[in-house]
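Asks: Listed here are the chains, written in short residue letters.
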Amino acid sequence: MCRLNGSLLIFALLSAQAMVGENSPFAELPVGPLQEKATAACTSCHEARIIVQQRLSKAAWTKEMDKMIKWGAEVDSKDRDGLIHYFSTSFGPDQATYEAPRTAAHASPKVRLKGKH
Amino acid sequence: MEIEMGSRREFLRTASAGALAALTSKTLLGAAAGQATISVPGKEGLIVRSYRFLDLETPVEYMTDWITPIPHFFVRNHMFEPAEIDAKEWTLGIGGEVDKPLSLTLADLAKIPVYSVTNTLECAGNGRSQQSPRVPGIQWGKGAVGNARFSGPSLKSLLEKAGVKDTAKHVVFRGSDVVPGKVPPFIRSIPIEKAMDVDTLVATHMNGAALTPHHGYPARVITPGWAGAASCKWLTQITVQDKPADGNFMLPGYRMPNQPVKPGEAVKPEDTHSVTGLAVKSLIAGPIDGAKLKPGSQVVRGVAWAGEADITRVEVSTDGGASWNLAQLGKDQAKYAWRLWSYPWKPARSGDYTILSRATDSQGRVQPDAAVWNPSGYFYDACDQVKVYVQA
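Top to bottom, those sequences are chains W and Z. Position 25, counted from 1, in the first sequence is what this note's numbering calls 25; the numbers after and before it change by one each time, with no gaps. Start counting at 1 in the second sequence, then tack on 117, and there's your number in this note's numbering.
Check each hint, because a few of them may be wrong.
[Claimed, not checked] Taking beta-carbon pairs under 8 Å as the criterion, some of the chain W residues facing chain Z (in silico):
{"hint": "1", "residue": "L34"}
{"hint": "2", "residue": "H46"}
{"hint": "3", "residue": "E47"}
{"hint": "4", "residue": "I50"}
{"hint": "5", "residue": "Q53"}
{"hint": "6", "residue": "R55"}
{"hint": "7", "residue": "A60"}
{"hint": "8", "residue": "W71"}
{"hint": "9", "residue": "Y86"}
{"hint": "10", "residue": "S88"}
{"hint": "11", "residue": "P93"}
{"hint": "12", "residue": "D94"}
{"hint": "13", "residue": "Y98"}
{"hint": "14", "residue": "A100"}
{"hint": "15", "residue": "A104"}
{"hint": "16", "residue": "A105"}
[To be verified] Ranges between beta-carbon positions, derived for each pair:
{"hint": "17", "chain 1": "Z", "residue 1": "W490", "chain 2": "W", "residue 2": "W71", "range": "33 to 43 Å"}
{"hint": "18", "chain 1": "Z", "residue 1": "P464", "chain 2": "W", "residue 2": "E74", "range": "37 to 47 Å"}
{"hint": "19", "chain 1": "W", "residue 1": "P30", "chain 2": "Z", "residue 2": "V315", "range": "31 to 41 Å"}
{"hint": "20", "chain 1": "Z", "residue 1": "H390", "chain 2": "W", "residue 2": "Y98", "range": "27 to 37 Å"}
No lab work stands behind these hints, which were simulated from the structure alone. Ideal Cβ placement from N, Cα and C applies to all residues, glycine included.
Start from the sequences, fold in the hints, and give me the full structure.
Replies: If you want it as structure tokens, here you go:
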């Protein structure tokens, strides 16, 4: 996990919250009791889209989870099994293929940020 | 392109700007209902496999040009792109098993004779999503591949400037991409023989323009004909060694089993080898999968490449592989570059058709009907296939 300082982390979470939805460039993890913890553990290094496109068995998710913990994902040991269950039931081999978005087809217009952002 | 995506430092600001730009561009461009679009300046109509860090795939229907335009060229990042690179401050170090370690500026590089190589760059994991059972990693469809003209000094000329010692066996590349958490850095090496091949470049230009940040500005390695992972972006350090680089991206990363293995079967490191040259492959750029075609004459077209070998033949089947017909190869060709191909087709009846393409290369390699499954999903090379419907 990136070592973000406290205020930056809060800002990051607020920004992420403000940006989710149809026009967010970021994918979201599915609703569930561990959504928040999974989002915190995974998305400071990479966005959720890398997770939601996988279609893996529980054994493969277990391997991925342990690799990511080794690589710095901050996961409480009591949440490990629950997170593996959350990922393997949400993104198992039988789920339909993830439909990825595309980048805008033409050069983007210049956007001036005024006021809120 | 002015905006750099995907760096940790720039993440929050860019993300907010990106969200607003996506909203605005969607409104202005009138994107098809239900089709989400994301703004990535300089990259147009690409499939977003990941936004942060950035991984973008080229839709196959764009593969109708011999040279892939930069806005359509795929992006594969393992980490965050460096936030900002000051061209005046940038240096490239060359050290290790050399007589005279060097630190070169961009101005130094510009004084060295420039070579150009038109190279088809493909990610080792291209096609991974077509493997069954699925394996972890970016779930690339067919389009983590593109063909561009790269220019810059040959790596050989730089190594000779530093004076390579007899102990030199491998050349390690390090880029300035930003590593999050405890993730191992993206460091890989290539054998000295490939490093001293005059076609292996420290490229500063792509399609005649300075590299863009997504493609490794200000300098990147181009190891032609090899999987993209051998072509380190944002290059800052070259280290000559008597052994290959250590670390995750050499072992267990980017390795293939020496023999086919079953899903779930353990593979010992000594039974694997590092990925090198690309497989022989073809893709159908059109008609696209699921197309409903008007009756009458059609053209099946696409691209074919073979890493360090040359394409000698592309065949097309319009009856699901029962019979094959020679496609015509495009006139544009260069060592390491893909060939365009086309096959004129007049369907005899309306109905469903399965169209296949199959490439053969100068080493006698032929695209197989099915790819060999492997634990990391590298080098998916089965004959390409699209299903279309011809209307009455």
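Asks: Compare the structure with each hint and give your call.
Replies: Checked hints:
1. At a threshold of 8 Å, the smallest CB-CB gap from L34/W to chain Z is about 19 Å, leaving the interface hint violated.
2. Among the interface hints, the one on H46/W holds; its C-beta lies about 6 Å from the nearest C-beta in chain Z, closer than the 8 Å criterion.
3. With 8 Å as the threshold, the beta carbon of E47/W comes within range of chain Z, its nearest partner Cβ sitting at about 5 Å, so the hint holds.
4. Hint status for I50/W: holds, given a least beta-carbon distance of 5 Å to chain Z, under 8 Å.
5. The beta carbon of Q53/W is positioned within 8 Å of a beta carbon in chain Z (closest approach about 4 Å), and the interface hint is therefore held.
6. Evaluation of the R55/W hint against chain Z yields a held restraint, the C-beta minimum of about 5 Å falling below 8 Å.
7. A cut of 8 Å between beta carbons decides the hint on A60/W: the least distance to chain Z is about 6 Å, and the hint holds.
8. With a cut of 8 Å, the hint placing W71/W at the interface with chain Z holds, because the nearest CB-to-CB distance is about 5 Å.
9. Using the Cβ-Cβ criterion of 8 Å, the hint placing Y86/W at the interface with chain Z is not satisfied: the shortest such distance is roughly 16 Å.
10. Interface hint status for S88/W: violated, as the beta-carbon distance to the closest one in chain Z is roughly 12 Å, over 8 Å.
11. For P93/W, the shortest C-beta to C-beta distance to chain Z is roughly 6 Å, which falls under 8 Å, so the interface hint holds.
12. Of the supplied interface hints, the one on D94/W is violated, with its beta-carbon coming no nearer than about 11 Å to a beta-carbon of chain Z, more than 8 Å.
13. Annotation: Y98/W was flagged as interfacial toward chain Z, and the flag holds, the nearest CB pair being 7 Å apart, inside 8 Å.
14. Proximity of A100/W to chain Z holds as hinted, the smallest CB-CB distance being about 5 Å (cut-off 8 Å).
15. The interface hint given for A104/W holds, since its Cβ lies 4 Å from the closest Cβ of chain Z, which is under the 8 Å cut-off.
16. With 8 Å as the threshold, the beta carbon of A105/W comes within range of chain Z, its nearest partner Cβ sitting at about 4 Å, so the hint holds.
17. Look at W490/Z against W71/W: about 26 Å separates their beta carbons, and that is not inside 33 to 43 Å.
18. The beta-carbon spacing between P464/Z and E74/W, approximately 58 Å, falls outside the hinted interval of 37 to 47 Å.
19. Distance hint check: the CB atoms of P30/W and V315/Z are about 52 Å apart, inconsistent with the given range 31 to 41 Å.
20. Distance hint for H390/Z and Y98/W: a CB-CB separation of about 31 Å, consistent with the stated range 27 to 37 Å.
Going down the numbered hints, you'll see the structure goes against 1, 9, 10, 12, 17, 18, 19, while the others check out.
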